[in-house]
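Given chain A, work out where chains B and C should sit, using these hints.
What follows is each chain in one-letter form.
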Amino acid sequence: MRRLSHIRLHICTQGFVATLALIGVAGTQAAANESVTVVSWGGSYAEACKKAVLDPFTDETSIEVRLESYNGGLAQIRAQVETGNVHWDVVDLEFADLARGCDEGLFEVIDIDELPPAPDGTPARDDYFEGTYSECGGGGIFYSTVYAYNNESFTGQRPSTIEDFFDLEKFPGRRGMRRTAAANLEFALLADGVSPEEIYAVLNTPEGVRRAFSKLDTIKEHIVWWEAGAQPPQMLADQEVVMSTAYNGRIFNAQVLEQQPFTIVWDGQVLDYGQFAIVAGTPNLEAARSYLLFASRVENMAAIGHYIAYSPTRRSGIDLISTHHETGVEMRPHMPSAPENMGRVVRNNWEWWSDHGEEMNERFSAWLSR
Amino acid sequence: MQSAPHVEFRGVSKTYDGRTMVVQDLDLRVQEGEFFTLLGPSGSGKTTCLMMLAGFEAPSSGEIRLSGRSVQHLPPRKRGIGVVFQNYALFPHMTVRRNLAFPLEVRGISAASRRQRIRQALEVVRLDGFEDRRPAELSGGQQQRVAIARALVFNPSLVLMDEPLGALDRRLREEMQFEIRRMQQDLGVTVVYVTHDQQEAMAMSSRVAVFHRGHIQQVAAPETLYEEPEREFVASFIGDNNMLRGHVRRAERDFCDVETPGGTVRAFPVHHCRPGDSSVLAIRPERVSLTKPGVYTNEFEAVVEDIMFIGDHLRLRLNLCGNPNFVVKVQNIIGHSAVLAGDRVRVGWSVMDCRALPDEEGAGGSALLTTRAAPLRSSPGDAAGVPGSDRAAVPPSTQAV
Amino acid sequence: MALSLAAARVRAAALTLPLVAFIGVTFLAPLGLMLARSVHEPLVADSLPDTLAMLNNWDGVALPSEDVFEVLGRELLSLHQQRSLGGVATRVNRLESGMRSAVVRTARQLRDADPGSWREAMIAAAPIWNEPKAWRAIQRAGERYTLRHFLHALDLERDTAGNVVAQPPDQRIYLSLLGRTLMVSVVITVICLILGYPVAYLIANSPPSRSNLLLLLVLVPFWTSLLVRTTSWIVLLQNQGVINDLLVAVGLTTEEGRIPMIYNMTGTLVAMTQILLPFMVLPLYAVMRTIAPSQMRAAAALGASFPQAFIRVYWPQTLPGIAAGSLLVFILSIGYYITPALVGGRTGQLISNLIAYHMQQSLNWGLAAALGAILLVCVVLLFLLFNRLVGVERMRFT
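Residue numbers (our numbering), protein chains in the order written: chain A, 1 to 370; chain B, 1001 to 1401; chain C, 2001 to 2398.
In isolation and in its complexed conformation, chain A is listed as follows (with noise of 0.2 angstroms):
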């Protein structure tokens, strides 16, 4: 309607724009038909991409957004760059998979100044923080994995700290833990004493390998192994398991929309980041580009942090962060990158997984089984 109603106005004023007018009106008619599939990564997390960027998208350009999910990995989009058969047109990634996946050529490239940059002008090359953007990306958020525990588990003394993870005797029951060695490792030599500064340092050397090993030695009797994002504010609910990694926005939205008596342990968080990429080759390159972009505006990106306890990747981005859209909860706290979270942080060092994932998750296979 509101596009008729332009229709009209130009009419109205002159022929000659109208004629052109109405070639833009068909162009962007042609784009209303159009649609754009984006891969994220289910559960809350992706309900709230789709009211805080996907929705207003279609709002503003009449593009039709498909959501699908999945659950991580670059296997499936190189399948389908390789035999040229692209259905997914905007995925949401890992950093670690962004940066290997742009190397390889898997997904287009994006100049970082053709980006909008900040609501001051800042540029986004200025405005992203170090290191959190990637030739290929768009948009970005900060998650973290942390360890969250259900408060009805204990009645005495609470776990507080990184360390109390690995305590089975002050604190004995099953921990849920994520099925593959990235962040447990960390978390393991963590525990084990080691500064998050020195963590990537000391995984270099094999001995600092089987240190981290022999720490999850330690309590692999009482892991719970989980794989999707949504399971561990489930086993915590059903007290399957007395305490679990998660990522925090899971355990939030547990905490906020469901009032689960939670609490988060951010000591020891392995903060990591992901952004949106473009699948090379798909047929609808120009929607794609244009979620892209729009998905990268700073009010955008912090827009999610309504709805999940995510923050932006853009320094400007942190001022916007106010409350929850639902609850009206301070979401300010709740985030990451909150000072009071920052006390003992390990950056993922997607660079040292990238190159040593493949190897870490074969000797983590062989730790499983043996």
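FYI, nobody ran anything at the bench for these hints, they're computed from the structure.
Just so you know, not all the hints are guaranteed correct.
Partial list, derived from the structure: chain C residues whose beta carbon lies under 10 angstroms from chain B [unchecked claim]:
1. Pro-2030
2. Val-2165
3. Ala-2166
4. Pro-2169
5. Ser-2294
6. Gln-2295
7. Ala-2300
8. Ala-2301
9. Ala-2304
10. Ser-2305
11. Phe-2306
12. Val-2313
Far from chain C, by Cβ distances over 10 angstroms, these chain A residues were calculated [to be verified]:
13. Ala-46
14. Ala-118
15. Thr-132
16. Glu-152
17. Leu-168
18. Lys-170
19. Pro-196
20. Glu-198
21. Gln-259
Beta carbons are placed, not taken as given, at the ideal position from N, Cα and C, and that holds for glycine.
Leaving out everything else, chains B and C in the frame of chain A:
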């Protein structure tokens, strides 16, 4: 104990569902060294009797004795009976030698003794040299011989054979009939043999029990069965017989007069009969002669409907005394071959060749298709109340092979 | 006459061509291509031809000369500009962890500034270029035809001198997993046989009405979705599941003593046995149906007790069915991966789960292909062994 029969059935009944009696109240005695045949159409209960004797089925009531000893609680393997199955039941994965060794090995007989017995058994069935063949490499007749050898090799005194020649072709079957008979006589074993082939039963047996609908109709030597059938079923099942139905008009000690749709026939009463009884007359085709008037007590004239030239004899089909398929078998001698279809002939037979039996079948051949659900009579010889006995007017048929 | 016969034969053979073509296109070709990946990895060889040519003359000990640095630097640079550096970096990284970032960082920094000395610039970007192991990694990754995936799949590697040696103990996984997979497959096959044999016997020796019903009961799970069945097992076996609840309710175990029956080897065994049981029952049933009841009667009449008759007469005749069923179950369980992935937990994983991991996650298709080839060899060897013992022409599958 010596006087006890080798096999004895005492009032044996068998039912699978509690209602239908497959075998009912059966009594039977088989003497040592007999070749005893259970003969009957399929479903008459003869195989069930054999299976009960072997121990694969248990009687629902009654008792089976072997040499005077009840085998009620004896499993098959302890009865010491050799069994030859219809399909031979040779073990396909074993050679002939291993098949024969099997009963010896499970009895713990020494290897040397085994070898000797196997050789002997194979000699008996004339299969020496085939020890290392597998059953699949033998012909049907050879497999049959192996089955027999296997049933004999552990020297049982009793051997059961269940339609052992059913799968063989005619020529081989006749050859094997002699063979089996010869072996039985050579070894002196008792054989209980099941067949539905009355010729086979006649050729091989010392005595035959004719089964029909779970009852034994008659037990007798083959000649007796043929010459002196005591029941309508036996008369129709064994050999050819012309059956004429009618009612007894007059009953004397030595003869009775039976009124048939074509006239009164004088016959020999097998059982005591009274005027008014339904009766069926059995006359063998070869005992009927073409005759001049005044030679026989029973003489009739009829038109020859059909002639069949067999070779050594001719078969004339007449419509006589209510039987449209009355067959006369005449020797192919000079004079007789001049008879043509459509000729009017005079036939006659003697009183002794015409046996008056109680009418049990009524509607004739159709009753031969035994239906288990049909009510069974409890006392043989009593013709009263038999279904169909009041329908004697329905034309019976000649029992032709 | 002979000619027309030959022509007829050719025509008959031509009729099978569509099937041959179908199998070729949909099965043999993909299989061949996949297996070829296990030994053929041309990417690095095609991407760095000049560097590899120069490294041919390298002694493997000293650092290569400035020319080699320059040739490699230029090749990396051009790959980076073509955006195809990632694949090369990943492959080299598999031979020397850390090479991925070294390669990428080097190319990125060379792009930003044209170096005076390539050697210094590259070592500045990534110190690892100062070590011969980096160059050895490039050299080995450049082998167009390689056995390293097979070595890797057998927990072996080459040391710096090129000798084949065992991997360090904490990195060995494939052999023990292959052994576990074979073991589990044997156990499942045996359990299926023990459970399936009496069922097949019962079906084969029941009157038709009852045997049809029993057969239906065997087949219904067969027609049910694999995921549904596996999920049902989770519902039944999990810690808070039906069986544990029952055990606690009856008092056989306590609330704390709930028995872990899923997400471990027990779960894998239970679920896979149930799923594969029909593949054992059906061939057994097919064989048993052909064994006349008179066989056992004959054995009994000949004086054999039931055990004797069974062992010497019945069992040997069911061997073709046992062989067929066991082969089916064994081969299927060797390659099973969905069920162990869902209910296997930590200790119930099989080799196929790692093949899937390398196909889908690590994207190391060469290694996946090598593992697959080893599995295939196991299956073929087994088949040949069965053929020797039983004879394939005697096996009965239906």
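Here is how each hint holds up against the structure:
{"no.": "1", "hint": "Pro-2030", "result": "violated (42 angstroms)"}
{"no.": "2", "hint": "Val-2165", "result": "violated (51 angstroms)"}
{"no.": "3", "hint": "Ala-2166", "result": "violated (47 angstroms)"}
{"no.": "4", "hint": "Pro-2169", "result": "violated (49 angstroms)"}
{"no.": "5", "hint": "Ser-2294", "result": "holds (4 angstroms)"}
{"no.": "6", "hint": "Gln-2295", "result": "holds (6 angstroms)"}
{"no.": "7", "hint": "Ala-2300", "result": "holds (4 angstroms)"}
{"no.": "8", "hint": "Ala-2301", "result": "holds (4 angstroms)"}
{"no.": "9", "hint": "Ala-2304", "result": "holds (5 angstroms)"}
{"no.": "10", "hint": "Ser-2305", "result": "holds (6 angstroms)"}
{"no.": "11", "hint": "Phe-2306", "result": "holds (9 angstroms)"}
{"no.": "12", "hint": "Val-2313", "result": "holds (6 angstroms)"}
{"no.": "13", "hint": "Ala-46", "result": "holds (21 angstroms)"}
{"no.": "14", "hint": "Ala-118", "result": "holds (25 angstroms)"}
{"no.": "15", "hint": "Thr-132", "result": "holds (17 angstroms)"}
{"no.": "16", "hint": "Glu-152", "result": "holds (16 angstroms)"}
{"no.": "17", "hint": "Leu-168", "result": "holds (15 angstroms)"}
{"no.": "18", "hint": "Lys-170", "result": "holds (19 angstroms)"}
{"no.": "19", "hint": "Pro-196", "result": "holds (20 angstroms)"}
{"no.": "20", "hint": "Glu-198", "result": "holds (17 angstroms)"}
{"no.": "21", "hint": "Gln-259", "result": "holds (22 angstroms)"}
The earlier numbered hints that this structure contradicts are 1, 2, 3 and 4.
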